[in-house]
Amino acid sequence: MSAREEILSTIRRSLGVTGQEKPRLDTVTERLANAPRGLTVARGQLPHEGQVALFKEQAEATLSSVVDVASYQDVPAAVADYLRQNNLPAQLRIGSDPRMADLDWGKTAIELSHGPSDGNDLAGLNHAFAGVAETGTLVMTASADNPTTINFLPDHALVVVSAKDITGDYETMWSNLRAQYGKGQMPRVVNWVTGPSRSGDIEQVILLGAHGPRRVHIMVVKD
Amino acid sequence: MSAHPTTNRFIDNATEALADPQLQRAMTNVRSGFIDKRAAVAAKLPEFEALRDSARDIKNHALAHLDLYLERYEANVTAAGGHVHWARTAEEARKIILGICHEAGAKTVTKGKSMISEEIALNAALDAAGIVPVETDLGEYIIQLRDEAPSHIIAPAVHLNATQVESDFRRVHTHLDADRDLSEPVQLLTEARQVLRSKFLAADVGITGANFLVAETGSSIIVTNEGNGDLTQTLPKTHIVIASLEKIVPTLEDVSQILRVLARSATGQEMSVYTTFSTGPRRATDLDGPENYHVVILDNGRSSMLGTAFQDMLRCIRCGACMNHCPVYHAVGGHAYGWVYPGPMGAVLTPTLLGVDKAGHLPNASTFCGRCESVCPVRIPLPKMMRHWREHEFERHLSPATMRSGIKFWAFFAKRPALYRFATNLMMNVMGWMGRDTGRFTSLPLASGWTDYRDFPAPQGGTFQSRYQAQRQSTPNNGRAA
Ligand code: SF4
Chain A
1 MSAREEILST
11 IRRSLGVTGQ
21 EKPRLDTVTE
31 RLANAPRGLT
41 VARGQLPHEG
51 QVALFKEQAE
61 ATLSSVVDVA
71 SYQDVPAAVA
81 DYLRQNNLPA
91 QLRIGSDPRM
101 ADLDWGKTAI
111 ELSHGPSDGN
121 DLAGLNHAFA
131 GVAETGTLVM
141 TASADNPTTI
151 NFLPDHALVV
161 VSAKDITGDY
171 ETMWSNLRAQ
181 YGKGQMPRVV
191 NWVTGPSRSG
201 DIEQVILLGA
211 HGPRRVHIMV
221 VKD
Chain B
1 MSAHPTTNRF
11 IDNATEALAD
21 PQLQRAMTNV
31 RSGFIDKRAA
41 VAAKLPEFEA
51 LRDSARDIKN
61 HALAHLDLYL
71 ERYEANVTAA
81 GGHVHWARTA
91 EEARKIILGI
101 CHEAGAKTVT
111 KGKSMISEEI
121 ALNAALDAAG
131 IVPVETDLGE
141 YIIQLRDEAP
151 SHIIAPAVHL
161 NATQVESDFR
171 RVHTHLDADR
181 DLSEPVQLLT
191 EARQVLRSKF
201 LAADVGITGA
211 NFLVAETGSS
221 IIVTNEGNGD
231 LTQTLPKTHI
241 VIASLEKIVP
251 TLEDVSQILR
261 VLARSATGQE
271 MSVYTTFSTG
281 PRRATDLDGP
291 ENYHVVILDN
301 GRSSMLGTAF
311 QDMLRCIRCG
321 ACMNHCPVYH
331 AVGGHAYGWV
341 YPGPMGAVLT
351 PTLLGVDKAG
361 HLPNASTFCG
371 RCESVCPVRI
381 PLPKMMRHWR
391 EHEFERHLSP
401 ATMRSGIKFW
411 AFFAKRPALY
421 RFATNLMMNV
431 MGWMGRDTGR
441 FTSLPLASGW
451 TDYRDFPAPQ
461 GGTFQSRYQA
471 QRQSTPNNGR
481 AA
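Line by line, the protein sequences are chains A and B. Just so we're aligned: 186 in my numbering is position 186 of the first sequence, and the numbers increase by one with no gaps anywhere. Just so we're aligned: 72 in my numbering is position 72 of the second sequence, and the numbers increase by one with no gaps anywhere.
Pulled out of the complex, with its shape left as it was, chain A reads as follows:
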């Protein structure tokens, strides 16, 4: 018997089932098809404006910095401000997300490099799929538009999130993701990011900047 068969048959013997019982099969099929939401957490159940405000408050509580940006046109200037304020060179790694790559970066002195990070970038910019207000969590999806390495390798992770993509809870975010990618389909990676990288492994004192970004800077675009 293969390992697979033996493991499954031991499970079935232990549970006292054959694996063919229709009610069990139906239960599983239904649960996977309907994906019930479970218990609702009241915190994020707010009018949309309140969700955006809560997202910002919660993100700041996890030591991300957050600014409002009136429109996508203003993103390059907001990035330039951040780099200047933090004494960083005017260099930025980005993917090919048209919402950002097509902006008029020429107005700033920023030199762009495109594509995934090789670990030599101080600052990188990705666009979030969503923000979840409940815990100030960014939801990043992997693609050529927003390469995963940009979320993790640069010291400074700059992230644009559109205010309209901010949800109250994770469950609403998952519904939106299914609507975009199809039921049961996932981008290669979905990264929830809740603040800058940190470690408490030395004497249980929390220090920022373990292996991932030392800073996370979120730009919430209004339009």
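Note that these hints are calculated values from the structure, not bench results. Predicted model only: the values in this text are computed from it and were never measured. For every residue, glycine included, the Cβ atom is placed at its ideal position computed from N, Cα and C. Mixed in with the good hints, there may be bad ones.
Across the chosen pairs, the derived CB separations fall in these ranges [as the list claims (entries may be wrong)]:
hint : chain 1 : residue 1 : chain 2 : residue 2 : range
1    : A       : ASN176    : B       : ALA50     : 21 to 29 Å
2    : A       : GLY182    : B       : ALA178    : 54 to 62 Å
3    : B       : ALA39     : A       : ASN87     : 55 to 63 Å
Covered stretches of chain B (chain A as the covering partner; in silico rule of three or more C-beta atoms under 8 Å from a C-beta of chain A) [to be verified]:
hint : segment
4    : 224-232
5    : 247-260
6    : 299-308
Dock chain B with the ligand against chain A, hints included.
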């Protein structure tokens, strides 16, 4: 160490631990670092207790349908271009992983923190095969330099002080300036970040564990604060996930419910910094990510725990709250338990995985204070299960004679609830009076083995049962009819 359990030596290990001043100093960080933070963050979420019920129910549902969800999970991983491998034993798992590493021509392997990797003693197997394993979680990296096992499931180096880490870094990082300043913990962190960055970029294979496997989508999930797991799995050509079979949850919604209690229970965070859902290898249009994605599903005795008194243990989400709140763990640290899983969860799980003949002492490492169960996010009745093991061990006559009579004594009262209540109330009153000045005892008649090393907290406010009665009387609709 994981290959050679010292679970049989628990009493000797514990005695040594109690006499180790470095360890005793480090263990105070457990109390300050975890307990208050968890309580504060739990109090901020009105639904926290209800979410614990929800997490328990989801895990119970998943276990009751485990065979079917595993099949769905496998089908969805395969559909996403990944490979699922099944391992009955630790040895089979090691063989599968070595096979994938050889195929990838691997010379170095980076590793995210994984208790299953410890359970199957993977690093020793990689070493023996000429492949260099590099642990990348800061705590795991530190203990790898020291050739030690983790002493905590989420804080592997909790038994160490910063000065010990400093001397390890000076010993191993000889390419760096010998006069550098490492007096601040942040300097240690920065040095580890620099040293490990090049290892991430050079590795041929990345191995991570999984906190959860999602049947609906075929996704594996890792939860970290450092981001090391993400660099481990994103940069090399091949990503191997090693996970035990009870990590299955049905849907993304289900796992979102459980994630709400995981970080809160573990580190007192509302959410860990990085929660990563991985589904298959790099897609045609992707510019980064692994080209090969493998999942090794390990059984190692778990499938036989289903349908037994120990099934509930398979709900465990490895948050560490039970050990953070355990007075025995505080006193002796994780290494005393002698294998990879310490604290109350280890005391229950280790005998099921290693056998009661090897780990029969562990379920005795308990004061039955009940704090582990009261904080467990999936409400595992840990004290009850430790009692199961004790009874089991007792029946096998493996216990020393004094222990047998102790259990007989307890069993006598346990069968006579009214007498038990009377006796414990009397004890509580006497002990409360004796310790009334400081709330703690530093000596206790007949228990010097314990209080020689630890202050014994004076009981406050009566026994659980009397409090429960009082509570029921003040909230008449809350208690179930007897
Ligand atoms: S037994 Fe409960 S408290 Fe202990 S690690 Fe597992 S889930 Fe956490």
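Now the hints, each set against the structure:
no. : hint                            : result
1   : A:ASN176 x B:ALA50: 21 to 29 Å  : holds, 25 Å
2   : A:GLY182 x B:ALA178: 54 to 62 Å : holds, 58 Å
3   : B:ALA39 x A:ASN87: 55 to 63 Å   : violated, 40 Å
4   : 224-232                         : holds (count 6)
5   : 247-260                         : holds (count 9)
6   : 299-308                         : holds (count 7)
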